[in-house]
Structures are given as structure tokens and as C-alpha cells.
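Asks: Given only the sequences and the hints, what does the whole structure look like? Please build it.
Residue numbers (my numbering), protein chains in the order written: chain A, 1 to 485; chain B, 1 to 250; chain C, 1 to 212.
Incorrect hints may have been included.
[Claimed, not checked] Some chain A residues flagged as far from chain C (calculated, every beta-carbon gap over 12 Å): (1) Pro13; (2) Leu19; (3) Ala34; (4) Ser109; (5) Gln356; (6) His357; (7) Ala427; (8) Pro449.
[To be verified] Across the chosen pairs, the derived CB separations fall in these ranges: (9) Gly30(B) / Pro12(A): 52 to 60 Å; (10) Thr192(C) / Gly122(B): 38 to 46 Å; (11) Leu437(A) / Asn226(B): 31 to 39 Å; (12) Arg84(B) / His34(C): 31 to 39 Å.
Hints were generated in silico from the structure; no laboratory data involved.
Think of the CB as a built atom: it goes at the ideal place given N, C-alpha and C, for glycine as much as any other residue.
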Amino acid sequence: MTAPVMDPRVAPPFPEAALHILQNAELRKNVAHATDVIQAKRNHLVAEKTDWQELRTSASSIRAHVLANLTSFLEEFEAKCTAAGGVVHWAADGAEANVIILGILREESATEVIKIKTMTSAEIQLNPALEAAGIETTETDLAELILQLGNDEPSHIVVPALHVNRRQVREIFAQRMGLPELSDDPQALTSAARSYLRKKFLSVPTAICGANFLVAETGSVAIVESEGNGRMCLTLPRTLIALVGIEKVVPRFSDLEVFLQVLARSATGERMNPYTSLWSGVTPGDGPQRFHVVLLDNGRSEILARRVERQTLKCIRCAACLNTCPVYRQTGGHAYGSVYAGPIGAILTPQLQHMQHAQSLPYASSLCAACYEVCPVKINIPEVLIELRAQVVNQERAHMARWSDPMYVGMKAANFAFASAWRFRWAQRMGRIGLRLFTRKDGWIHRLPSLGARWTMSRDLRGLPEQTFREWWGARGRSGSREAK
Amino acid sequence: MRASLFITCYNDTLFPEAGHAVVRLLERLGVELDFLPAQTCCGQMHANTGFRPEAFSQAKRFVQLYRDVECVVIPSSSCVAMIRDQYPGLFEELGNEELRTQFAILLPRVYELSEFLIDKLGVEDVGAYFPHRVTYHASCHGLRGLHVGDRPFRLLSKVRGMELVPLANLERCCGFGGTFSVKNAEVSSAMLDAKLGDVLATRAEYCTALDNSCLMHLGGALHRRNESLRTIHIAGILASTEEHPHEAAR
Amino acid sequence: MTASSSRQAILDRIRTATRGDANRYETLPHNYIHRGSLDAGSRIRLMTERLREYGAEVVEASLANLPALIVHQLQSSGRRHFVVPPGLPKEWLGAGLDWKLDNNLSHDEIEHCGGVVTAASAGIADSGTIVLHHGADEGRRVITLLPDFHLCILRARQIVETLPEYFARLQQPPRLATYISGPSATADIEMTRIKGVHGPRFLSVTIVRDDG
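Replies: Laid out in C-alpha cells, this is it:
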């Protein structure tokens, strides 16, 4: 299995990455199947939930409120968590977070860690940093374990290994777990993982996790999961380190009544996921006696400062947008070159890169708005996509090279033409004459040069009619046929 | 009832027959229609591609042009969505007080075609006759931007002689997406492929929609594959009568 | 950057980014359903239905026949050695069973136990959720995690219909909580739902009707 690079700084642009994946029929089938299954379950439960829109409204406004008052909520969380026996650290960026975490592990003399899935750790490339420091890491989520043992990358936020089929999993487990007789039955594969991981759970004293929610009022952390590996990592080790983006706070414990209702329905199409764990600091006699929270900025405070883009941070990582996106359905997650894929990835990844990388991602969308419709916290993703596109174009405006970009030239020319009716009519005439060269006897265009070739790769274009609408109207002799500027 | 037709830049140039149909239809319904020749484009293509100041200059032109009209009818849901969803932000960011006021006065007077028929004229049965098997594709901007809801269905269900066949995965995007169709041509084509599969499975003779943008994309691929299924803007169906039936051109 | 200067820098950036944005928590809308509409009997029925939907066994008992029923459940479970929290009512620890009181048992000792018996803090009927706050009669989190069979004694009066009702009833937020709404499951391999990845694979709930 190849190991696509999930570092947005070096990942190929979306159109190029997508082209490669579009040729992988198996992957596309898996993605379509997975997203269809979750979507169907989600839609059924949403239809059943008569107060779904009211829940969305509350979820959205609570998240927006948190972001608008983030300083006080983070300070409150820090105070409460500390009072409950936790240690709170602040990391300005990924590199600093890695340093902090390695520092804690060194204090613990840790040589090995078990991990609960956290996209945030992939965002900061934590595992390579741990490995470089000689610390063995074991991912304990089944999908993450599959990816780790198979030297692969996630293609979906909630079902990261959906691009891997059972035969492929069998291959990986047989080889890496030393089980040559293993069958490819999902039950057998899961049992193999259960045994393999149980040994780890009972022996490794240090665990790293993320968090779904931080509760400011109580200094608590909540983790939502299906498999139980979360509970294992949160309960059995001696030391627990949680790496969490600063935006993941909710104000009060009771706010969870909103988020827990919308998260499971949106993410996995269940009324409630199998296990949700909540803990506050350290509880003597129960669970890890050393608990650290590493609060991560890594570009989030910059996103916070921007009026339209701030809503990106409302995200609760349910991946409902991925499941409904018609673009994602065709490409899966690898095309986005980032751990955050799909519609949310298209807006979050370039912003976390300070718009210096992944500039093709805001264009990886037809702006159909299906994502906005399902987002439980009402992130207007199309609005943010359009805003980010404007930023990308503004970057281009500063470079002379823009005049060799046919799209840029075309847009400037079109704008010039649209500025007056006279120019527009002239452009229409020129277009009609020019395209005649490419128009066949049946009145259709089969092949165009330059950017046009991107259209004609899969579609014909009907030749321009001899008479535009306005010419027809003018010929009718109605009022309004005066030439206008 | 008086109305001013905003034909849209691409209908004007590529699909004038949709405009002919709108004129025939609305005049038949007693609307006194005019056409301001100074019109060009609403700015959607530029706004959606990231060319905001350029989009604003077009938006400004649109608002100033239609300042004094009773209402504007537009046979394109994506253009109306541009005006409703993005003009406010553009004018807030780049406009002045006077422009914002002009826009605020104009906005409630802008209608997409099916909205104009149902909400403004209050008609569902426009006297149309179109004896063919037809399927309807829900253009995303009409569906999610304008929330046109069942308006197109209410109009189409009253067309005499027509058999309306439901489209599977009705709400899934066809993959046009404006410049997306070119910037991400391969993914656009894959989405198109999926949509065409659903359209062809209806065994309809025609596929219709509120937007010629979607239909240009679908129709272009249908022609490429030598399929007999054709595309037609909803205006073409509604304008067709027994006395003056729609004539299929190829 | 030092630890404290990062903290300061981050908070300063956030403060600048959100200047003038504050609005009041009290004004936020909460127009979703808070209270359910089911009566007690229907609540129990819904809770039972949801639990069974995800494969849990559900039995009803009265306070009077509860201890005998517990013995019966555990004998039929096919397990031996049951770990119990120290605060579990003594009258529930019937004769003839191998009870291991959790007075700081080691993980290995708990791992050796085939099952666990606990009380609960709440039941949420809408989602079939069992809520544990890990008090004296529920025990440390590890004892409901390692054994393969969990017998949970839930009082009928602890059952609410909706999630907001659970939150509304709380005198104060729990320090620790585990919300169980199904056996552990994964759909990570070809979206095929497999139950029992980690955590108890068998959940049996006894709903106690206090009214006899």
C-alpha cells in the first residue's frame, strides 16, 4: 500500500491528487458505500428528531458564543481543570506541542505510548516526532491501527480506513500481528485486534488522547467513541495526556445535552454512540493519577480574528459534511492532502496553513451547499470557500505570472466585457465568430484549445447561436431597442 | 403586471431559446415584459471564483440598472441566489450607503422564473402542453439557495400531455459548479457521470431544470455520448402549447 | 517561547481577535425539546426497547425479588467471579456466587473476573443510555471496563425520557461519568458492524420497579 503524504505543505494540488484517485474504482466504491450507509442512517434519525432544527440553532449559537468569548472560557477551563488536579499547558503551534508532550514523556521515562484517535495529533505530525525520540506508539482505534500497521493515511474523519477492504486488512494483520492463518471475516479481524490491543492496554502506562469537548464550567473533558479503546486508554494507564485545539470548549456541563444529541446522529447515524466518557482532572483511586491537557493554537487564533472565516472553528468534527459531499464521494479523503478532508478540510486546512499552502482546496467544491444543510453547527461552508477563493486570487494579483494564467486572463477579460453593453455585444460577436472555427456540421463543438479543453474532455458544447437573445429582442422592434452603453 | 427580464449573460449568448420561451410564456400570461439592453452579468462567475472587486462592479451595475423597475424576472436560480446571498456581503464590504439602500429596495422585487409564476402571478397551470416523458433535476442554487421547494413540481404537474418521471438522487449536485467544471474537470466529469446514470435510468426524453448551466453540462455529455435524451429549460416546457408546440432543435 | 509566554501570547491573540464580540450566555436560544411526554410505564417500555435494540438483555424486577433475580442472572451468565463495588447493597450479594469486592483490586485481578454487578445513576430512554457516575455502588471505572459481562441494576425512577431531562435533574455535574448506549462496536472494516471490540460484550439490565 502506498503512503500518500498528508502534509498540506507538500501534498499535490487537489485536481492532480483527485485524478490519481478517480482511477481507483475500488476506493471510490468503498467511499460511496460508506458514505451512503452513514447518510441513510443519519437522515432517518434526523427525520425522527422533530426538534432537529432547534438543536442545530442552539448548537450553532453556543459554539459561536464560545468563540466570541474564548479567552474567558479557556481561562475558566484552565482554572477548574487545575483545581481538579490536571496540568494545563499552552502550545502556540504544533512544534511547541510536540516539545511539551515529549517533555512530559521524558519526565515519565516513557518508552511507549498508546493513543486514542485524535486528528489533532496528525495535524501536528506528533507520531513522527515521537518515533524520532525513540518512543513506540500504538494507535488503538481499529481504523487507526489498520492504517498504522499498513503504513497508510486516513481518508475520512470518522471512518478513517473506509478505503481499505477486508482482504487488505487481513493482509496487514496477518503480517504485522504474526497471524498467517487469519481469515478475512470482519469478526475474526476484530477479535485479532482485540487480543493484540488488550495486551497493550494492560501494560503501557502512558496514553495520549484528544477530546471532543472541554467543559469550562467544570474543567472536564469529554470523549465520544464506539469501540471502547478510549475507555481503556482513559482508565488503565498511570499518565494521560490530552492534546486539544483551543476551540473545543463548551461553556457549561449542561450544554452537552445539545452536542451529544447532534454529534452521534451526524457522525455515525446513531441516537447516541456506544461510549461517552467524561472526567475532571484526577480522581484519587480511579484512573490516571497524572493528567495533562495541551491546549493547541496552531493558527486557530488567526482564524478567530476573521469575520467570515471564524465559523470554521465551530466544527465539532462529525464529518456529516464529508458524507454528503458529492465531490468527496468521488475522491475520498486522500485527494485533500490533509488529515482534514472534505468540505471542512477544504476550509480548515488552508487556513491552518495561513493560506500559504493548500490553496487549491477552496476550489475543490461545486458550491452545492449540501454540507451547510447537514452541518449540526451551521457552518456556512460555501460562504467560507468563496471568501478563501478571494484570498487566493488576491495572492495571485501580486504576481506578474498571473498574466500567463488563462483563468486569470479570462476572468479579467470577461469583467472588461461585462462593464458595458457595447463591450459585451462586441465580445459576443467575437466569440461567435471565433468559435465557428471549432463548430462542426451538426452545430456542436467537440474540442476546444487551452482552458476549453478542460470542458471538452468529457462534454460537447453547442455552437453559439447565430442570434443572441438581445439581438432577437432588438429585431422584434419593441421599446428598449435603443442602443445602450 | 409589468416585469423586466434579466436574461443572464450565458442565456443571452448560449441559450437564447430559453429567453424566447420566457417571453412567449409571460406575454401569454398577460405580463407586459421589457428588456433593458444595458444589462450584462450579475457577477456570479467572478464572485465564486474569488474576483470580488470585479464581481462588485457588476453587482453595482445591476442594481443601478434596475433601480426603477417594478420587478425583475430571471430564468436562472444561480443568478438569483448570487443576488440574494452574496450581494448583501459585497455591498456591505465594498458599497456605500446609497447603493445599499438601492439594493435593499430592489431585492424583494427580484424573482427566479418559477417564483415569479407561483408567488407573483399566482398561477400553477400556465396552459402548457408538452407530450413527452420528462425528468426534473434540482439545481443546487434553486434547491438550497432559494428554497424553491415544490414550485417547479407544481408547475410541471399541470403541463398537459407530459409524463413527469422522478429522478433518483434528485438533490445530488450534477458537478457543474461554474468554473469548477474546468478547474476540477476530472472530478466534475465523475460527478456528471453519476448524475447521467440517474438521468438515463428514467428513460425520459427530456431532462429539465431551472438553470441552463446544469443543462449545458448534462446536455454536453449527452451529446458526446450520442444519447437521444435532450435537455430543455423549464421555460421551454411551460411555453409550449398545443397551438405552438416546442420544436426540438439539435 | 517559554510555557507562560506561550500562554500569554495565545490569550492575547484571542483577546485581540474577539474584541467587542461578547454577548450573553443567557440570551442563547434553547428551543429544543426539554421534557418528554411519556408516562412512567411508557418510559420503561421505551428504555427496554432501545436496550434490546442494541443487544442488551432486559429483565424487570421488584425490590423484593431483586436479590434472587440477580443470583439467577449471574448463574445463567456462564461466568465465574464477579467483581462488585464496595458500596453495592449487601443484600444483592446472594449466596453461592464468587464475589470479589473491589477494595483496590489490581487490573489483573479484575481481568480475571468474568463479570461485574453495579447500580447506575440514570437511564435515558430515548437513546437507551445507561449512565454511571462511578459512585460507591457503581464503582471505579475499570471494573465496568475489563470484565466481559456487566449486570446493571437500574431503578425505574432513575429513568428519564430525554437527555435534557437527565441534565436538568443533576444537583451538580458529576466529576466522572460514563454513558453507555450500546455494546462497543466498530464499522471500520467495510462498514460491517461488529460488536464487542473492547469493553464488556454482554450487558444485562435489570429494571427495578420500586413500587413492589
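Asks: Now tell me, hint by hint, if it's right for this structure.
Replies: Checked hints:
With 12 Å as the threshold on Cβ separation, the claim that Pro13(A) sits away from chain C holds: the shortest Cβ distance comes to roughly 29 Å. Distance to chain C confirms Leu19(A) as a non-interface residue, since its nearest Cβ pair spans about 26 Å, more than 12 Å. Interface exclusion of Ala34(A) from chain C breaks down, the closest Cβ pair being 5 Å apart, not more than 12 Å. The Cβ of Ser109(A) lies farther than 12 Å from every Cβ of chain C, with a closest approach of about 20 Å, so its non-interface assignment holds.
Gln356(A), annotated as away from the interface, keeps every beta carbon of chain C farther than 12 Å; the closest lies near 18 Å. The beta carbon of His357(A) is kept farther than 12 Å from every beta carbon of chain C, the shortest such distance being approximately 21 Å. At roughly 44 Å, the least C-beta separation between Ala427(A) and chain C is larger than 12 Å, which holds for a residue marked as non-interface. The non-interface label for Pro449(A) is consistent with chain C: the shortest C-beta to C-beta separation is roughly 44 Å, beyond 12 Å.
Our hint of 52 to 60 Å for Gly30(B) and Pro12(A) holds, since their Cβ atoms are close to 58 Å apart. A beta carbon spacing of about 53 Å between Thr192(C) and Gly122(B) contradicts the range 38 to 46 Å that was offered as a hint. Restraint check, Leu437(A) to Asn226(B): a C-beta distance of roughly 23 Å breaks the suggested window 31 to 39 Å. Checked against the hint of 31 to 39 Å, the C-beta distance between Arg84(B) and His34(C) comes to roughly 35 Å, which is consistent with it.
The structure is inconsistent with the numbered hints 3, 10, 11, although it conforms to all the rest.
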